[in-house]
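Engineer: Here is what each chain is made of, one letter per residue.
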Amino acid sequence: MPATPEKVVAPIVLAMADDELILGHRNSEWTGHAPILEEDIAFANIALDELGHARLWYDLHSTLTDTSPDTLVFFRPAGDYRNVRLVELPRGDWAFTMLRQYLFDAFELVRGEQLLESTYRPLAEIAARILPEERYHYRHTETWVRRLGLGTAESHSRTQLALDVLWPYAAQLFGPWPAGDKPSLAGIVPGLAHLRERWEALVLPFLADAGLKIPTLELATAEGRDVHTTHLAPLLQEMQEVARLDPEATW
Amino acid sequence: MSGGDTQWPRFEIFQQARPDGPFDNVGSVHAPDAEMALQNARDVFVRRPQTATLWVVPASAILTVTREELASGTGQPPPGAAADQTEQIYHVFTKSSQRRSMTFVTYHGDVLATSAEHALEKMLLSEDGAHTYVYWVVPDAAITSSRPDDAESMFAPAHRKSFRLPGAYHTRTLMDEVRRANEEPDNASDT
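Each protein sequence line maps, in turn, to chains G and L. Using this note's numbering, count along the first sequence one by one with no gaps and you end on 251. Using this note's numbering, count along the second sequence one by one with no gaps and you end on 191.
The following block holds chain L by itself, in its conformation from the complex:
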């Protein structure tokens, strides 16, 4: 095999847990196109209930900037915006906590701008960003969304699949029993 990346392009997945709720980034999938990405996202990330809508966005369409890049100037957006470009909607996502979480960046706000860099610049001007570690700027035009009438076949069946939840099995109780049995005094000579 040659050294190149032979994988399909990467799509970032944004999940909306309930209608009118925010979209949060839950991970990524590889796929040859957006429709396949949507289906792969359904099977990889909607194994548990509570999904109203999925967005898939080609990773290459997203501007990602870390706090360190901003501080060192390497990620600094070029000032201003090209005058001949029309404005479009950008969705800005941020990571503002170091806690472990099922999501990476979460929804922060929408900006009307002529480019992703311009959108980030506008966002930075309006706040101090002291607690933001990562910014993602997603052009609205790059989003492929599941449709409302997809929900019944894409998301609803997961509600009934209790066998996917760890609680459906007694493995943990059994493991505890096994562990306790191993800790009985007759095993003490092993240690």
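The following block holds chain G by itself, in its conformation from the complex:
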């Protein structure tokens, strides 16, 4: 008997939620530190948007598994998180942050457009809600990366360096879903090879236009979403600190 959509979808929804949460948290570290006041506000908005998207996915996940978002966010150790390593890397400089956000926005954009067609309605509904914001995020980070790539010698070299570091991590976005590439996923979530094709069609010409050299493609390591860098645990330690002080508190 085939598994119900709920069974196969839950781990995927959790992975999507974790990506958004960790990236949103990293972005929020810029609040008060962005290069100019206007961008401080703009990027804090984007950080909040990503946390809002995470919330939508966690809420869906909790209807599938009966685990509350707070429990997942504040009381899971690093080893139980299912985000890609791309989003947990320290925020680096502004070029690194903008380029990472750009690569992820492009991914979220193409994935969201595909999820609109999902036969599992809750996925399509959340995608429809997230997409307008994602289109704006993409426009904003695209604007920044283009100006950094084509700007001064320093902004260019910093952005190229960021791309060289981030590129192999970005490949993990197209690693297998946490549920595995089961035939039962067909129609529910987009195929990863197809997603990658669409992402590359968007990202590769843009990066070239921005004067950046695409690194020789390194394949992602075989390690899955259960393996993390040493950077995730300290991030969680800070994020979970207050909730763990008094797990029974009502907020």
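Each statement offered as a hint is correct.
Which stretches of chain L does chain G cover? Using the computed rule of at least three CB atoms under 8 Å from a CB of chain G, they are:
id : region
1  : 19-33
2  : 36-45
3  : 141-155
So, partial list: chain G residues that the calculated Cβ filter (under 7 Å) puts toward chain L:
id : residue
4  : Glu-38
5  : Asn-45
6  : Pro-132
Everything labelled a hint here was simulated from the structure, so no lab data went into it. Please read all numbers here as calculations on a predicted model, not as lab measurements. Every residue gets a Cβ at the ideal spot worked out from N, C-alpha and C, and that includes glycine.
Fit chain L to the supplied structure of chain G, relying on the hints for placement.
Structural biologist: For chain L alone, coordinates are given in the frame of chain G:
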């Protein structure tokens, strides 16, 4: 740091609350170019709903004149207009109230003229201006506008972000409670 202004150029932001409504100046942002100014304006000024269109205009392209400058002659536009210049559209904005407001200058009218000074001169001839404190003359050609199909991704998401509104929090009620508690008689000895 040297004494010079190291900031990016300033752009003035004009917001249209609903389609076909007037544009009002809501503030300014710094940005390296018009596209970035438009995006910064979205994030700084469209935190609450009701925006149909945004205009950004380099502050350096706007002629601004106060009533005092007009009266003293320092802001008096030079008479006439250069004959060899073609006419273009200028949008005139004014401030005609001293009340506190979310907007600074509001839309007043359009003038066809050969220069900003010429546009102001034409505008002044057609009315007494007794209650106008500030005039801004904005060349239509200097405007960068958001596009109609930008609205869904730039402006619509704000509708759902009730957490940005003060009413979404109970801070004020809590503050009142704290204040009342502090005003109880057992604190009277402090005063």
